[in-house]
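Asks: If you want the building blocks of each chain, they are given just below.
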Amino acid sequence: MTGILRPVAQSPEESSGFRLHYCSLCKATARSWGQLGRFFLSYDLCFLSFFLSSLSSDPLRTKETRCLVHPMKSQTIKQPDRIEDEILKAQFLLLEYQLLDYWKDESGWKKYLAIALHWLVKRKTKRTPPEIRDIVALGISDLQEKEDLHCYDMDHMALVFGHMMEGLVRKIADRCAIPISSEAKTTIRLIGKWVFFMDAIQDLREDVLRMRYNPLKYQYIDLFLGDQSLSESVVTVREKERWKVDLLISHLACSWNELRPEMRRYQEEWDRFFHYSIPAMSHSILTHGFPCLQTSTMEEENGIERSV
Amino acid sequence: MGLKDPYEVLGVPRNATKEQIRQAYNSSVKKFHPDRYTEPHMKELAEEKMKEVNQAYDELINGSSNQGSMSQGYSQPRGEDTQAFQRIRVMIQQRQWAQARSLLDQMSVRPAEWFFLQGIVLINEGDYQQGLSSIESALRMEPQNQEYQQVYQQLRNSSYFYRTRGYSDQTDQTARCCQACATLWCLSMCCDCGSGGC
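Protein sequences, first through last, are from chains A and B. Take the first sequence: its letters are residues 1 to 308, numbered as in this note's numbering. Take the second sequence: its letters are residues 309 to 506, numbered as in this note's numbering.
The hints are simulated quantities; they were obtained by calculation from the structure and are not laboratory data. Some clues are possibly wrong.
Label-pair restraints from in silico Cβ distances [claimed, not checked]:
(1) A/Lys-104 with B/Lys-326: 41 to 51 Å
(2) B/Gln-404 with A/Asp-148: 32 to 42 Å
(3) B/Gln-401 with A/Met-72: 11 to 21 Å
(4) B/Pro-321 with A/Leu-100: 22 to 32 Å
(5) A/Glu-206 with B/Pro-321: 36 to 46 Å
(6) B/Glu-316 with A/Lys-104: 23 to 33 Å
(7) A/Asp-105 with B/Lys-351: 17 to 27 Å
No residue lacks a Cβ here, since even glycine has one placed at the ideal position from N, Cα and C.
Produce the entire structure from the sequences given, and follow the hints as far as they go.
Replies: Written out as structure tokens, the structure reads:
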């Protein structure tokens, strides 16, 4: 996961729901893994926690607390609940796979650090429920199989990732007794697809240089072997992929529209997420190659209008 | 996930002779031979390209490629096929993608309309690249067809609805979503924007 699943907000109030869940997950991570565990906190998993919590009919309980990151001013955080507990387990399971990936890709001291961390994380993830472990393992092995074949089909790879994310959310929701509709499943699947797309576009240059797998590298192989420089080729690929990202955003917008009535909390914040954050983040990655989190800069540069 | 189109890999037309295919193969081998590259990442890409070129050549020369596909594609729809296409269009409007796809798969005659409808189904199922290729095939067969042209243009130049509209308020959302659907379902084919829903 990439850490791009987060709101692009102009003021803290606009992302208050997300922040509430983020602070809560951060604190839970520290409780469970010690203070250093906070470094492994994932925006994407926090997003899933926020998503499931917004679908849940259980009342949202909050409290004011200080922490190591905010020692002076107390923050409002969500009180620990079942969703957070399950998300925490999934977070470290995904970290385990991520470290395995680093282990494979990196060299030198980074490789040894990944091996050591992987060993530590693996000991902790033994408690992960088998159904969650299975769904992630299945998705990862499917992706790995296609990676080994140098699959160039971006849509297919992104969809496999989307299915994995959907499965993960479904299992966590089952364990927390949250009903998940087909609209919610579709939305999560598309979110997963979008994350995979953005990640591939964002990492393309680095993946070509470091000889790592990226479907776009194989899809546009002629371009990379042509006369353009690597940087120029990457920009061309981004432009060529723009129409697909647009379609994906359209798909997501429609899917969200159908899901909206089911969201019990933070509907406006979710509106902003689907209609503003995702398009803005996509445009920034397609234009600059990295996510831009400054709303004003993004609006000026990309011409995205926004009037609240 | 299949192999890349061998004709595209070698850059030859679909009606190319074996001699033309051989020539294209030789020139590709010269152009992409890994020994021509010094940087490791370029060497890796060239090796991958050579694999593609060899597979494409093998497929075209050894006859495993479907030489008859285009002649099949150009065939004219019969009466019952026209009816089937109408049914598929209704299914698309009702967003029954799996059923539409299943009916398309059962059809043996594959004129431009078949490729067009398959493209629409694939795109709505999330297979954007294959969907676009399918619509391109339809356009190659019937370049004058305005519906195909319009959908193709709309897909390629998908307007940034979020850039021109942006986030504003609740009332604007229906309009925005309908615009998104219009891009998706291709020119209101499957979206009744008049009713305000998608």
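Asks: If you test the structure against every hint from before, which numbers come out violated?
Replies: 3 and 4
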